[in-house]
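Peer 1: Residue numbers (our numbering), protein chains in the order written: chain G, 1 to 396; chain W, 1001 to 1300.
It cannot be assumed that every hint is accurate.
Stretch by stretch, here's where chain W covers chain G in the computed footprint (C-beta under 8 angstroms, at least three residues) [what the hints assert, rightly or not]:
(1) 34-40
(2) 46-57
(3) 193-204
(4) 207-213
(5) 216-225
(6) 259-271
The set of hints was computed from the structure by calculation and includes no laboratory data.
The beta carbon of each residue, even a glycine, is placed where N, CA and C say it ideally should be.
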Amino acid sequence: MTRFRATIAGLLTLTVGTALTGCGSSGDDDNGDTVVIGLVCDTTGPGAGYATPACTATKETIDQVNADGGIDGKKVKVVQGNDESDPTKTPTVIQKLVSQGADALLMLTSSAGVLQAKSLIERTKIPVFMPVAANPQVTEPPSNTYLYQLGTPTSDWATVYCAAFDSLGAKKVAFLQDSSPSQVQFNKGLIDSLDCVDLDVVNGAIDATDLSAEVAKIKNAGPDAVLVATQNANFDVLAQNTLHQQLPGVPRFTELLLSSLPSAWAQAQPGALEGLVGLAGTTDTNTRTVEVAQFFAETEGADFRVNNFWTQSYDAVQILKQAIEESGTTDGEKLNAAIQEVTGFVASSGYPGFTLSFGDDKHLGADGICGLVLVEWDKDNQVAGPWSGYEPDCAA
Amino acid sequence: MVGLRAGLRGMTNPQLWIAVVENGCFFALLGLAFYFNLTGAGFFNFGIGAIAMAAAFTGSWLVTEHGLSRPLAGVVGVLGAIAIAVVMELAVVRPVQARGEGELSALVAVGASLFTIIQLSGLFLGHEARSGQPFWSTAPFSVGSARVGSTVVPIVVITAALFTLSYLALQRTRLGRLTRAIGNDTDAARVLGLPINTARLLSFAAAGLIAALAGITFAGRSGVSPDNALHWTITGFLALVIGGTGTVWAPLLGGALLALANVFIPFYFGGDVLAYGLVVVAMLFFAFRPEGVFAPRVRV
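So that you can see chain G by itself, here it is in the shape it has in the complex:
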């Protein structure tokens, strides 16, 4: 019995130990000579697809800040946790990082967890950035005093999609979403905003092994275009494979995730992504993006391909640095006030001219819709570049 218990204990230790591998801290509490940034990276959960590159980008940017002398002469120290995008773990991870002296938090995890932790964040009184989140509910009242987003909200996505549908003359659009609660909640605002078209919402199980039935239903409805709305790359690829096979010739759109995950493009069957139009956050027509891409390429290698996960993470660190320098302190409330003074920050995402601004009532950084870029895939399942059908205008 003792040996059995030891076996079970060993296996559990191995499992739990492995699960917690992404967690860690760099040690001592803030001693006044350092700026401590708490980093929540879901590198092992469902958000790993975007959180892993965003986490790497954040650390490399902080390394650069330190190499350039730090912030006001203080070195930046990172304390890191991993909530695996599990809302039940998010508050605990936040409390742990705060107890380790975090002066600000960068949350590279799902919106669902942060939504659960909003009241906790309000009480901790330290600024929290969601560099890559797109769910506007995160930064809506109540309990949003210290919360900020850099990503474009889904209401802006709807504006861009509507313009794209209009350019195609599409009046009837099928909306294929994974039916996970977090995705349904995330898409609710987008669906409400897509009132420019007759929308037919079709749900598919997020862990489906087959979407033939869902696509057959879509085919029966005869849509002018299909929008696959998911933050799950597997679901997206399975949907695109099936749509490509069963609905050739019908224009297809996708949300922001797929364009940023080249590894997922390889999952698609040959030619399955050809003609697909997706939201992206970067274009090489923006010189700021090119500069940031070159910076990351120095570490990541010549094959590095920039996307909004990298650029928005980079910008989040730079905005935080600017606010700390402006306020001259890491006191949470003063730092928060300084963040709300940041206006016209030239972003390294989006089209040239895209800026980020914050204020007492503006916790979504995007100034306008030109932080979004519509891109198109070619027959080799590679992003060929911006879609020629419609380009968001920075003045809109």
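Position chain W against the provided structure of chain G, taking the given hints into account.
Peer 2: What follows is chain W alone, placed relative to chain G:
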């Protein structure tokens, strides 16, 4: 009349039936892997989904990261899966059962092994999904209005071959009959001095082989990630529960029925009720036909 037409529209859609065939073959193979473990060791190996995932995930990693050819990566994936299955028997199941700690303890240990495989795969090969790298695929083609994808023919052929070979091995060979006898009554087999350990080991290895071929082939549809493991385990288990254990062909029927539910529940009721629909199907079988469609015949 409109409702009838709408109902027929699904049932007469050849694309959906192709999906039933492809999914059914995959589910059936996972069920067959369960069947081998149950027949040879009298044990539900809930690590089957993890073994299938590990084979497909490792194979993909070898092709995409190290440039191995698909056939070679497939061989490595299959051998690795067999090795995992054998280690699972030698290091986890057998020691627990040998101490007489009962079925539940062994199941818990195998459940822990499943999560260990998932975590280790993520730790060493990454948590992101990878493209499937089947060692055999065909060019897509049309049959009437339906498209047949690149993995349909291979998985149908592999399923037919493995079920036929399994039938021949278990019914027509001395070792197969021995394995079934041991699985039916291990205590009696022990008294008779039959090679229990060898038969158990072979059943675990065969289950690993079948799971690996299923995982590698099916991953060609839309990739594979560590997250697939648990879902694949549940799928294979349900195929066996529905089909029963009375014959080697039972998982094939179970897989087919499960695939019917998997395709037509989303078509008629929506994808968001699929999980509930499958739970209902499973509960109905647990309640009214716990032995599955094909129940074992017991000689009195």
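Peer 1: Now tell me, hint by hint, if it's right for this structure.
Peer 2: Verification of the hints:
1. Beta-carbon proximity to chain W at under 8 angstroms applies to 0 residues in the region 34-40 of chain G; the threshold of 3 is not reached and the given coverage is violated.
2. Note: the region 46-57 of chain G has 4 residues with beta-carbon separation from chain W under 8 angstroms; the three-residue rule is met and the coverage holds.
3. Residues of the region 193-204 of chain G with a Cβ under 8 angstroms from some Cβ of chain W number 3, which satisfies the need for three, so the listed coverage holds.
4. Chain W is given as covering the region 207-213 of chain G, and this holds because 7 residues of the stretch bring a CB closer than 8 angstroms to a CB of that chain, at least three being needed.
5. By the rule of at least three residues with a Cβ nearer than 8 angstroms to a Cβ of chain W, the coverage given for the region 216-225 of chain G holds, with 3 such residues.
6. Against chain W, the region 259-271 of chain G contributes 7 residues with a C-beta closer than 8 angstroms to a partner C-beta. That satisfies the three-residue criterion, and the hint holds.
Hint check: a violation occurs at hint 1 only; the rest are consistent with the structure.
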